[in-house]
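Colleague: Dock chain B against the given chain A, drawing on the hints supplied.
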Amino acid sequence: EPEVTQTPSHQVTQMGQEVILRCVPISNHLYFYWYRQILGQKVEFLVSFYNNEISEKSEIFDDQFSVERPDGSNFTLKIRSTKLEDSAMYFCASSDGAGTTDTQYFGPGTRLTVL
Amino acid sequence: QQQVKQSPQSLIVQKGGISIINCAYENTAFDYFPWYQQFPGKGPALLIAIRPDVSEKKEGRFTISFNKSAKQFSLHIMDSQPGDSATYFCAAIPEDTGRRALTFGSGTRLQVQP
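Here the protein sequences come in this chain order: A and B.
Residue numbering for the first sequence follows my numbering, starting at 5 and increasing by one per position.
Residue numbering for the second sequence follows my numbering, starting at 67 and increasing by one per position.
Looking at chain A on its own, in the form it has when it is part of the complex:
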């Protein structure tokens, strides 16, 4: 069964450093998403991406964040200057775009630790 993959599984970085989290969505999917989950808290939406542009973003997704689809398979989330409060599990998801409520398939997540 196709699945969303994410690398790395765990990233440790120093405050102020840039990090790039990588995702490979399911191959025929058209919509891509990033969510995050701070330890012990709920999963929160960050951004959705369609047709090479951001289609929706939350207030969390400020100028420190950016997303990119650099090639036909990868989808990345960049955090320009990490803060302690960016420490969280980051989930990538993708959906086939068949409708607004098409199923979003989640990857296993990247745990980001900012020291």
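Keep in mind that the hints were calculated from the coordinates and are not lab data.
Because the structure is a prediction, the values reported are computed rather than measured.
Certain hints may be false.
To be verified - Distance condition first, Cα-Cα at most 25 Å in a straight line; then the derived DSS-like pairs of lysine-lysine: (1) A:Lys-87 <-> B:Lys-124; (2) B:Lys-108 <-> A:Lys-82; (3) B:Lys-123 <-> B:Lys-134; (4) B:Lys-123 <-> B:Lys-71; (5) A:Lys-46 <-> B:Lys-134; (6) A:Lys-82 <-> B:Lys-71; (7) A:Lys-82 <-> A:Lys-46; (8) B:Lys-124 <-> B:Lys-71; (9) B:Lys-71 <-> A:Lys-46; (10) A:Lys-61 <-> A:Lys-82; (11) A:Lys-46 <-> A:Lys-87; (12) B:Lys-123 <-> A:Lys-61; (13) B:Lys-124 <-> B:Lys-137; (14) B:Lys-71 <-> B:Lys-134; (15) B:Lys-108 <-> B:Lys-81; (16) B:Lys-71 <-> A:Lys-61.
To be verified - Which stretches of chain A does chain B cover? Using the computed rule of at least three CB atoms under 8 Å from a CB of chain B, they are: (17) 32–45; (18) 95–101.
The beta-carbon is built from N, C-alpha and C at its ideal position, and this holds for glycine as well.
Modeller: Frame of chain A, contents of chain B only:
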């Protein structure tokens, strides 16, 4: 107004028992309500979903009950099994707006004891 409130935070059920997880929302624009199941080390996976034009949806041992007037919905797991032990999230989307962002509840950690 964008929140989805979920309870309980954790739940312990004996094998064969019924697990019940409750969610409530305020935003009347929400009109699609999926439930996600998450096992340790994995991302959330869609379990079952409902729209408010029906009051109940059943898939196998999993049932969603929906009360539109009270703006509440719940997940019932019948004949709970140890393999059901996971974290469950309710979520909501305002489908008619065309938005796709899932608004999640805070999650319920279910433990089914053998």
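Colleague: If a hint holds in the structure, say so; if it doesn't, say that too.
Modeller: Here is how each hint holds up against the structure:
Of the supplied pair hints, the one linking Lys-87 of chain A and Lys-124 of chain B is violated, its CA atoms being roughly 44 Å apart against a limit of 25 Å. This hinted pair checks out: Lys-108 of chain B and Lys-82 of chain A have alpha carbons roughly 22 Å apart, not beyond 25 Å. Restraint check for Lys-123 of chain B and Lys-134 of chain B: satisfied, since their Cα atoms lie roughly 14 Å apart, inside the 25 Å limit. A hinted pair counts as satisfied when its Cα atoms are at most 25 Å apart, and Lys-123 of chain B with Lys-71 of chain B qualifies at roughly 20 Å.
For the given pair, Lys-46 of chain A sits about 24 Å from Lys-134 of chain B by alpha-carbon distance, which is consistent with the 25 Å threshold. Only pairs whose Cα atoms come within 25 Å are accepted, and Lys-82 of chain A paired with Lys-71 of chain B is rejected, the gap being roughly 30 Å. Between the alpha carbons of Lys-82 of chain A and Lys-46 of chain A the distance comes to roughly 21 Å, so the proposed pair stays at or under 25 Å and holds. The straight-line distance between the Cα atoms of Lys-124 of chain B and Lys-71 of chain B is roughly 22 Å, inside the 25 Å bound, and the hint therefore holds.
Between Lys-71 of chain B and Lys-46 of chain A the CA atoms are separated by roughly 10 Å; this keeps the pair inside 25 Å, and the hint holds. Using a Cα cut-off of 25 Å, the hinted pair Lys-61 of chain A and Lys-82 of chain A holds, with the two alpha carbons roughly 14 Å apart. For a cut-off of 25 Å, the pair hint linking Lys-46 of chain A to Lys-87 of chain A stands: about 19 Å separates their Cα positions. Our distance criterion of 25 Å between C-alpha atoms is broken by Lys-123 of chain B and Lys-61 of chain A, whose separation comes to about 31 Å.
Our distance criterion of 25 Å between C-alpha atoms is met by Lys-124 of chain B and Lys-137 of chain B, whose separation comes to about 19 Å. A C-alpha spacing of about 15 Å is found between Lys-71 of chain B and Lys-134 of chain B, which places the hinted pair at or below 25 Å, so the restraint holds. Between the alpha carbons of Lys-108 of chain B and Lys-81 of chain B the distance comes to roughly 23 Å, so the proposed pair stays at or under 25 Å and holds. Of the supplied pair hints, the one linking Lys-71 of chain B and Lys-61 of chain A holds, its CA atoms being roughly 22 Å apart against a limit of 25 Å.
Interface restraint, the region 32–45 of chain A with chain B: holds (4 residues with C-beta to C-beta distance below 8 Å; minimum three). Here's how the region 95–101 of chain A fares: 3 of its residues keep a CB closer than 8 Å to some CB of chain B, so the rule of at least three is met and the hint holds.
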